[in-house]
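In order, the protein sequence lines correspond to chains C and U.
Here my numbering = 1-based position in the first sequence + 823.
Here my numbering = 1-based position in the second sequence + 778.
Simulated from the structure, these hints should not be mistaken for laboratory data.
Since this is a predicted model, take the numbers as computed values, not measurements.
Think of the CB as a built atom: it goes at the ideal place given N, C-alpha and C, for glycine as much as any other residue.
The reader is advised that the hints may include incorrect statements.
Some chain C residues near chain U, calculated using beta-carbon distances under 10 Å [to be verified]:
1) F858
2) G862
3) E899
4) D982
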Amino acid sequence: MKLLTTLMGAAALVGASSMAFAGSHGGGATPALIFDLGGKFDKSFNESSYNGAERFREETGIEYREFELQSDAQREQALRRFAQQGNNPVVVAGFSNATAMGIVAAEFPDTDFVIIDMVVDAPNVRSVVFAEHEGSYLVGLLAAMASETDTVSFVGGMDIPLIRKFECGYFQGARAANPDINLIGNMTGTDGSAWNNPVKGGELTMAQIEAGSGAVFAAAGGTGRGVLQAAADAGIYAIGVDSNQNYMHPGTMLTSMMKRVDVAVYNAFNDVNNGEFTTGIIAMGLAEDGVGWADDEFNADLITDEMRAAVDAARAGIIAGDIVVHDYMSDGSCPVN
Amino acid sequence: MNTGIPKWVDVILIPLLSLILAFVVSGLVVLSIGKDPIQAIKLMVYGAFRLNDGIGPTLYYTTSFIFTGLAVAVAFHAKLFNIGGEGQAAIAGVGVTLVMLAFDWPHWTIALLVGTLAAAAFGAAWAAVPAYLQVKRGSHIVITTIMFNLIAGSVIAYLLVGPLQANGSLPESSRFPSAAALPTLHDILGVVGINFDRFSDANITFFMALLAAVGVWLLIWKSRLGYEIRMFGESDKAAVYAGISPVKITMIVMLISGALAGLMAVNTVQGQAERLVLGAVEGAGFIGIAVALMGRNHPVGIVLAAFLFGALTQGGVELQFEMQIPAQMVIVIQALIIMFTGSLENLVRMPVERLFTRMKKRAA
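Starting from the given sequences, assemble the full structure and let the hints guide the process.
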């Protein structure tokens, strides 16, 4: 009986606190952020969204709540939980959350939702998508120009269309710089664990180096750590992804394909906080600085003037529409391989 | 386990003491990261059993764990270690998906029946190959069932970016027709006037799991086949001498085991997701091993252990939501509880046994 009353008391408390939260809607954010499988500190995708949220917290002093997904069934639960408790906006990065968000967004029409990397068509959802193929094209160009061999390679995380999109853009860029270059591509695996398997990433990279690769691009979440390490050990160039990973191995890190997930998260929090939130699709490509190549003190010595001129020209060409980079996800195929 | 201690001590007191010990050590872990351990444990219990959105997910997880726990237990009575529940359940999910998408279902009862049969058949089929390799080729079943988990994962990944994929970018199958949706506990309990959480994934398969537990009890302890299974498990040579075919027993046991593991797919794939997604099993196949171990391979113990693991899973989620304890820490806590209740059992058992033998001597 004592237990029961305690439980009921606690239930009343939760009820009261969620009402308090709900009252704060409309300007002023009570943000919540959900991290996809792979872990918050994957030095990549999730970490990038974490950085965006941290930047918001530092600038505004507003705390946010977070949840790290452990399994697929928790996607709906986490979204619903945050929405139920009055968090606004509820931001989740990762294409796998699309179905869950479609369901939960319909249940909470007054909550603002943001999904990154996927489109959910609902009146209260903002979908942020990135033109990864464009950024990958630029780093492919750099890879082919820097490589001391006639081969460049790619290590992907889970074999899904999104990662094929990275690979295809990268290959197109490499071929644009050198039409005769050999291309090697490997995927780490076929399930969620492929995002967090640095050992296998390293093995794949070593095999690619054996096959002659002179530069490797890792688009594999936490797995990428092993790829970059193996490249550094063998002294070939490596390219990071999502976050700027240049600092990890200065001297062999050619650049990183930046995908500004942090900007997407920061903007979402900020827009709600300022009462400027908009829904619909936001496409972040080269023109919007949503993707790009990392250029900092750690790789300054590796980028020659010639490379810089070529990559700047390509960037301008893509923005102007003179160069069209094929998007793998538009038709499920890649013109080069 | 013929140690002369009363049965209630063996099945209730020792697990309970282990659990308390586990909570104490977990509390120290929580303390070490600067959070309040009492609040954490309260929150875990409250989060797992709270009416509406706590007990619902707990029962959903419990359902899966009962099935996989029973699967491991049935095999273990024949001293076969089925580590392949993960793969068997995953392939069973494919079976459920194929039949669900193949027809326009007139009513959920028929969909449930056919879905159950498909899940059992696919799960059993996936277990049949390792079983065959064990009896005919001597390939150890522990190794082959583990390998089959990996094969199952790859098969599903192939299917979900290929033949079964619904749209161009998500690795998921199409949604099942809505007539195939199983009644949730919200629907069922609503009939008798109980307002259960309408978002909870717990569904009618929970009752199927309980029925399966009864079925396993009847099979193992009340049937001729069950006697043969247990005898084969105790001594395969004696079983052969008594005219029991090891080939037949191994095959039958593994088929039953695979079918039971497969049934969890009805809960997750048909009951919850209503489509096939990557990683639909979520480690329940492996947790089934711990459940069977803790439940002493007895259906009653398994149901209780499955409930504990379900509560741990859901309670752990609560810790993350409400106290912002990192997910990795939650896994550490869950692992500690599993360790103390499962493998470090002798830590509690031996002193308790000594105590009881001493008491007995004094009484005598």
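Next on the checklist: Of all the hints numbered above, which does this structure not satisfy? Sort the numbers upward.
Outcome noted: The structure breaks none of the hints.
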